[in-house]
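Taking the hints into account, I'd like the entire structure generated from these sequences.
As a plain string of letters, each chain reads:
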Amino acid sequence: MKGLEELKDKIHEILPDLDLVIGWEQGYDGLHATPLFIKTPEDVDRLIIGPLCVHNLATYLPGLKDKKVGVIVKGCDSRAVIELLQEKLINKDNVVILGLTCDGVINLTKLGRKIGSLGAVDDVKVEGEKLNVVIGDQQHNIAFSEVKQDKCENCIYPNALVFDHFIGEPVDRVENVGAEHQSLSDFEGKSFDQRFAFWKHEMSRCIRCHACRNACPMCVCRDHCVAMTRNPHWLSQENNVAENWMFQMIHVMHLTGRCVECGECERACPMDIPLMLLRRQMNRGVREVFDYEAGIDAQNRPPLLTFKVEEDNISEREW
Amino acid sequence: MSQQKFLASQSIGSFLETLLREHRVLVPLCEGDSVVFRPFRKGGGLELTRMPTTSPKEATFPRVETLMSFTQKVSAPQEEDGGKERPEIELTEHLPQDSTVVFGSRPCGAKGKTIFSRVYDTEAVKDPYFIARRDNTLFISIACSAPETTCFCTSVGGGPADSTGSDILLIPVTDGFMAEAVTEAGAKLMESAFFDAGTQKAEEAQAVVERAETKLGQAQDFSNAREKLLKLFDNESFWEEMSAKCISCGTCTYLCPTCYCFNITDETAGNTGKRVRTWDNCMDYLFTLEASTHNPRSSKAKRLKNRVGHKFSYYPSLHEEHIACCGCGRCIKSCPAAVDIRQIVKSAQEYEDVNI
Amino acid sequence: MPVYDGKELRIVGFLCNWCSYGGADTAGVARFHQATDLRIIRVPCSGRIDPLFILKAFQGGAAGVLVSGCHPRDCHYAEGNYYARRRLELLKRFLPVTGIDPERFEYTWVSASEGPRWQHVVQTFTDRIHKLGPAPLLSEPLTDAEMVEFQRQVEAGRGCGCHI
Numbered sequence: 001m002k003g004l005e006e007l008k009d010k011i012h013e014i015l016p017d018l019d020l021v022i023g024w025e026q027g028y029d030g031l032h033a034t035p036l037f038i039k040t041p042e043d044v045d046r047l048i049i050g051p052l053c054v055h056n057l058a059t060y061l062p063g064l065k066d067k068k069v070g071v072i073v074k075g076c077d078s079r080a081v082i083e084l085l086q087e088k089l090i091n092k093d094n095v096v097i098l099g100l101t102c103d104g105v106i107n108l109t110k111l112g113r114k115i116g117s118l119g120a121v122d123d124v125k126v127e128g129e130k131l132n133v134v135i136g137d138q139q140h141n142i143a144f145s146e147v148k149q150d151k152c153e154n155c156i157y158p159n160a161l162v163f164d165h166f167i168g169e170p171v172d173r174v175e176n177v178g179a180e181h182q183s184l185s186d187f188e189g190k191s192f193d194q195r196f197a198f199w200k201h202e203m204s205r206c207i208r209c210h211a212c213r214n215a216c217p218m219c220v221c222r223d224h225c226v227a228m229t230r231n232p233h234w235l236s237q238e239n240n241v242a243e244n245w246m247f248q249m250i251h252v253m254h255l256t257g258r259c260v261e262c263g264e265c266e267r268a269c270p271m272d273i274p275l276m277l278l279r280r281q282m283n284r285g286v287r288e289v290f291d292y293e294a295g296i297d298a299q300n301r302p303p304l305l306t307f308k309v310e311e312d313n314i315s316e317r318e319w
Numbered sequence: 001m002s003q004q005k006f007l008a009s010q011s012i013g014s015f016l017e018t019l020l021r022e023h024r025v026l027v028p029l030c031e032g033d034s035v036v037f038r039p040f041r042k043g044g045g046l047e048l049t050r051m052p053t054t055s056p057k058e059a060t061f062p063r064v065e066t067l068m069s070f071t072q073k074v075s076a077p078q079e080e081d082g083g084k085e086r087p088e089i090e091l092t093e094h095l096p097q098d099s100t101v102v103f104g105s106r107p108c109g110a111k112g113k114t115i116f117s118r119v120y121d122t123e124a125v126k127d128p129y130f131i132a133r134r135d136n137t138l139f140i141s142i143a144c145s146a147p148e149t150t151c152f153c154t155s156v157g158g159g160p161a162d163s164t165g166s167d168i169l170l171i172p173v174t175d176g177f178m179a180e181a182v183t184e185a186g187a188k189l190m191e192s193a194f195f196d197a198g199t200q201k202a203e204e205a206q207a208v209v210e211r212a213e214t215k216l217g218q219a220q221d222f223s224n225a226r227e228k229l230l231k232l233f234d235n236e237s238f239w240e241e242m243s244a245k246c247i248s249c250g251t252c253t254y255l256c257p258t259c260y261c262f263n264i265t266d267e268t269a270g271n272t273g274k275r276v277r278t279w280d281n282c283m284d285y286l287f288t289l290e291a292s293t294h295n296p297r298s299s300k301a302k303r304l305k306n307r308v309g310h311k312f313s314y315y316p317s318l319h320e321e322h323i324a325c326c327g328c329g330r331c332i333k334s335c336p337a338a339v340d341i342r343q344i345v346k347s348a349q350e351y352e353d354v355n356i
Numbered sequence: 001m002p003v004y005d006g007k008e009l010r011i012v013g014f015l016c017n018w019c020s021y022g023g024a025d026t027a028g029v030a031r032f033h034q035a036t037d038l039r040i041i042r043v044p045c046s047g048r049i050d051p052l053f054i055l056k057a058f059q060g061g062a063a064g065v066l067v068s069g070c071h072p073r074d075c076h077y078a079e080g081n082y083y084a085r086r087r088l089e090l091l092k093r094f095l096p097v098t099g100i101d102p103e104r105f106e107y108t109w110v111s112a113s114e115g116p117r118w119q120h121v122v123q124t125f126t127d128r129i130h131k132l133g134p135a136p137l138l139s140e141p142l143t144d145a146e147m148v149e150f151q152r153q154v155e156a157g158r159g160c161g162c163h164i
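As you go down the protein sequences, you meet chains A, B and C in turn.
Residue 230 in full-length UniProt numbering sits at position 230 of the first sequence, with consecutive numbering throughout.
Residue 336 in full-length UniProt numbering sits at position 336 of the second sequence, with consecutive numbering throughout.
Residue 71 in full-length UniProt numbering sits at position 71 of the third sequence, with consecutive numbering throughout.
Hints are not guaranteed to be accurate.
[Unchecked claim] From the structure, some residues in chain A lie toward chain B, with a derived Cβ separation under 8 Å:
| id | residue |
| --- | --- |
| 1 | GLY112 |
| 2 | ALA120 |
| 3 | ASN159 |
| 4 | SER236 |
| 5 | GLU238 |
| 6 | ASN239 |
| 7 | ALA242 |
| 8 | ARG267 |
| 9 | PRO270 |
| 10 | ILE296 |
[What the hints assert, rightly or not] Stretch-level coverage of chain B by chain A, calculated; a stretch enters the list once three of its residues show a Cβ under 8 Å from a Cβ in chain A:
| id | stretch |
| --- | --- |
| 11 | 30-39 |
| 12 | 49-56 |
| 13 | 100-106 |
| 14 | 145-155 |
| 15 | 249-260 |
| 16 | 263-271 |
| 17 | 279-287 |
The hints are simulated quantities; they were obtained by calculation from the structure and are not laboratory data.
Just so it is clear, CB atoms sit at the ideal spot from N, CA and C, and this is done for glycine as well.
See below:
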């Protein structure tokens with residue numbers, strides 16, 4: 001991500017006409033960025049951009065519908081904004097989009113696998129393709145590519161797809177990458193029984209805190225989620241494998257053809273459950289059957305809101 | 001101070017196996033990329049270096065517990081009812097019976113249950129389920145030798161080697177732990193042959209604790225937080241600012257060793273059902289939703305205010321200035337938006353109302 | 001005579017009111033022999049079927065789930081089955097990642113007059129489910145062997161264990 005000064009200047013310029021601008025600032029330690037809600041020119045000084053800026057800030061937009069909001073987006077985040085616009089969940093007149101280019105953001109879970117505890121990091125610097133992590137008097141040099149978010153590994157949208165102001169120069173998209181992350185085909189190496197057991201194991205850890213749901217920019221029902229109703233009784237209050245599994249099924253089903261694979265669900269999960277596997281599988285189906293990708297063009301018709309009398313890629317009448 | 005004994009790292013597995021004869025043993029285990037408390041399995045691994053992702057409160061306050069189960073039956077035709085059948089309900093209460101040992105919690109996690117006790121074990125109110133579990137659970141805690149950037153136990157009356165709530169405190173030294181009995185039950189466990197009174201590494205243990213204390217740095221002074229937070233109760237803009245980035249999930253409450261709110265529901269299937277108690281979450285809209293559909297805490301700002309206020313203001317007012325927080329930092333570390341409760345309290349303490 | 005007498009598995013069927021439920025009725029009135037594993041739930045239209053109905057049935061331990069509606073161009077509500085087709089196709093393609101064999105789920109079209117076709121659908125699907133056997137259950141604890149395997153993956157430093 002480049003162009004911090006240009007970005008700051010732009011925010012100073014547009015802030016008088018807005019209620020707030022959402023960006024990132026340094027969090028409580030060297031490792032964590034945290035969302036920043038800029039309301040005054042002084043707040044702009046705290047703004048940072050870079051590989052720590054993982055949060056998809058589009059998540060906050062539906063909750064700020066009656067405010068005039070500026071939002072800073074990476075390429076992947078911009079897809080969430082497009083999807084929200086497409087579904088008329090936000091009003092474009094009230095949103096000013098500041099688009100960035102991005103060369104990847106960090107996955108703290110992967111970093112944790114490299115350095116053990118994440119609890120004592122003083123500072124993180126990216127120097128080219130190297131990540132320099134400072135822990136007390138120790139230094140760890142790690143290849144950035146090894147601790148990027150999964151979505152960055154095969155990112156084909158490094159530049160914001162929708163913006164009012166673009167900061168910096170667009171970077172070339174990486175060619176020859178599959179649309180699908182490797183983890184899914186790896187997972188398919190398992191038998192059905194192994195996969196089923198895998199999810200049972202993962203779901204036994206789920207505390208049903210709903211971080212995956214609340215971090216998701218597409219989960220706009222928030223306080224009125226179908227998973228919370230007593231009638232119909234989709235889920236009981238019990239926290240067990242079957243109920244946790246069902247909750248994840250609800251989340252996936254309600255994202256069909258809408259998920260932009262920003263990965264916030266998996267990042268937000270405090271128990272590190274690899275939820276993106278489920279999303280990737282669903283998105284594979286959407287791609288194969290409808291040749292459709294969510295969050296690319298706000299004028300597109302979502303695949304489940306339309307139909308063809310003769311579908312091109314469905315052959316259900318064969319059996 | 002009672003006598004210290006040495007527990008060698010390599011004999012922990014065998015020691016825990018002996019405990020399995022009489023107790024359920026919960027230990028921190030790596031699962032995926034997280035560390036969670038799980039029943040100890042013979043020959044299974046332990047994760048004692050990383051701070052557990054979940055808190056050990058599950059031992060005394062499970063995520064879900066069945067309080068009672070019920071079955072509806074139909075009686076034989078009753079003469080006095082003119083030969084009609086009468087529905088009958090068969091109830092079974094489930095009071096916890098088993099005894100548990102938690103091995104490898106940190107002092108902050110073990111302290112959590114003392115905050116529960118002031119609420120669930122009082123003159124007026126006694127929670128039999130919690131009390132039964134608490135009285136049948138032993139905590140063997142390991143003093144903290146590597147405080148993290150999110151740790152602030154010393155700011156809330158704890159410390160890396162605080163023994164409150166533990167039965168045995170272990171201090172990590174070379175090749176093992178120096179063990180110190182905190183309660184009589186703990187002393188009894190330490191009669192096991194795995195604890196060696198001959199090896200003395202008290203000085204090394206002392207140094208480990210001192211290093212951890214130094215690393216934790218200056219404690220934050222929360223003493224005036226109680227009044228300051230109360231003063232800000234009606235200041236909506238303050239709380240809106242504090243909660244702007246909060247996504248209103250339940251990570252902080254569910255991972256918190258001291259959050260004790262629960263929900264009770266009847267879950268039925270056909271003619272049988274059970275009454276279950278589950279963790280509840282004050283960050284959730286439904287927490288205060290009333291039957292009339294009115295919700296006194298309709299926004300995330302009001303809900304976050306409640307969480308911070310409860311821990312640092314209302315609870316201390318009711319319970320002799322004890323803060324309902326053990327400083328483990330899980331709510332900060334695992335928060336998807338990196339909301340920092342220390343910072344919120346500090347902002348409240350430093351807040352100066354320009355309108356007064 | 002029921003084919004799997006005494007050994008029935010639990011198969012859940014969601015049938016639209018106008019075509020497939022009528023088709024099942026036709027088959028019944030004509031006294032066609034059918035397997036008796038299927039428990040039918042009548043819905044107004046296949047377009048009413050939320051894919052979550054199917055997943056909920058699997059969550060509850062159903063060995064198979066069958067959906068049947070009006071043939072395309074024949075929907076009582078003109079286009080309900082077109083929407084259903086899209087949703088159900090995506091569900092079928094999603095199932096593999098959960099570890100539920102997608103063969104345990106099928107959707108098809110049977111009209112009210114197609115008694116013999118209904119018999120064919122029920123028999124074919126029931127036979128298929130019996131080949132697959134009872135469904136794996138979420139409520140059943142993991143076996144010791146499975147637990148040991150997961151622990152081994154953690155110890156091998158593979159983190160979540162999905163990357164092997």
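Comparing the hints with the structure gives:
no.	hint	result
1	GLY112	holds (7 Å)
2	ALA120	holds (6 Å)
3	ASN159	violated (25 Å)
4	SER236	holds (4 Å)
5	GLU238	holds (5 Å)
6	ASN239	holds (4 Å)
7	ALA242	violated (12 Å)
8	ARG267	holds (7 Å)
9	PRO270	holds (4 Å)
10	ILE296	violated (25 Å)
11	30-39	holds (count 5)
12	49-56	holds (count 5)
13	100-106	violated (count 0)
14	145-155	holds (count 6)
15	249-260	holds (count 6)
16	263-271	holds (count 3)
17	279-287	holds (count 5)
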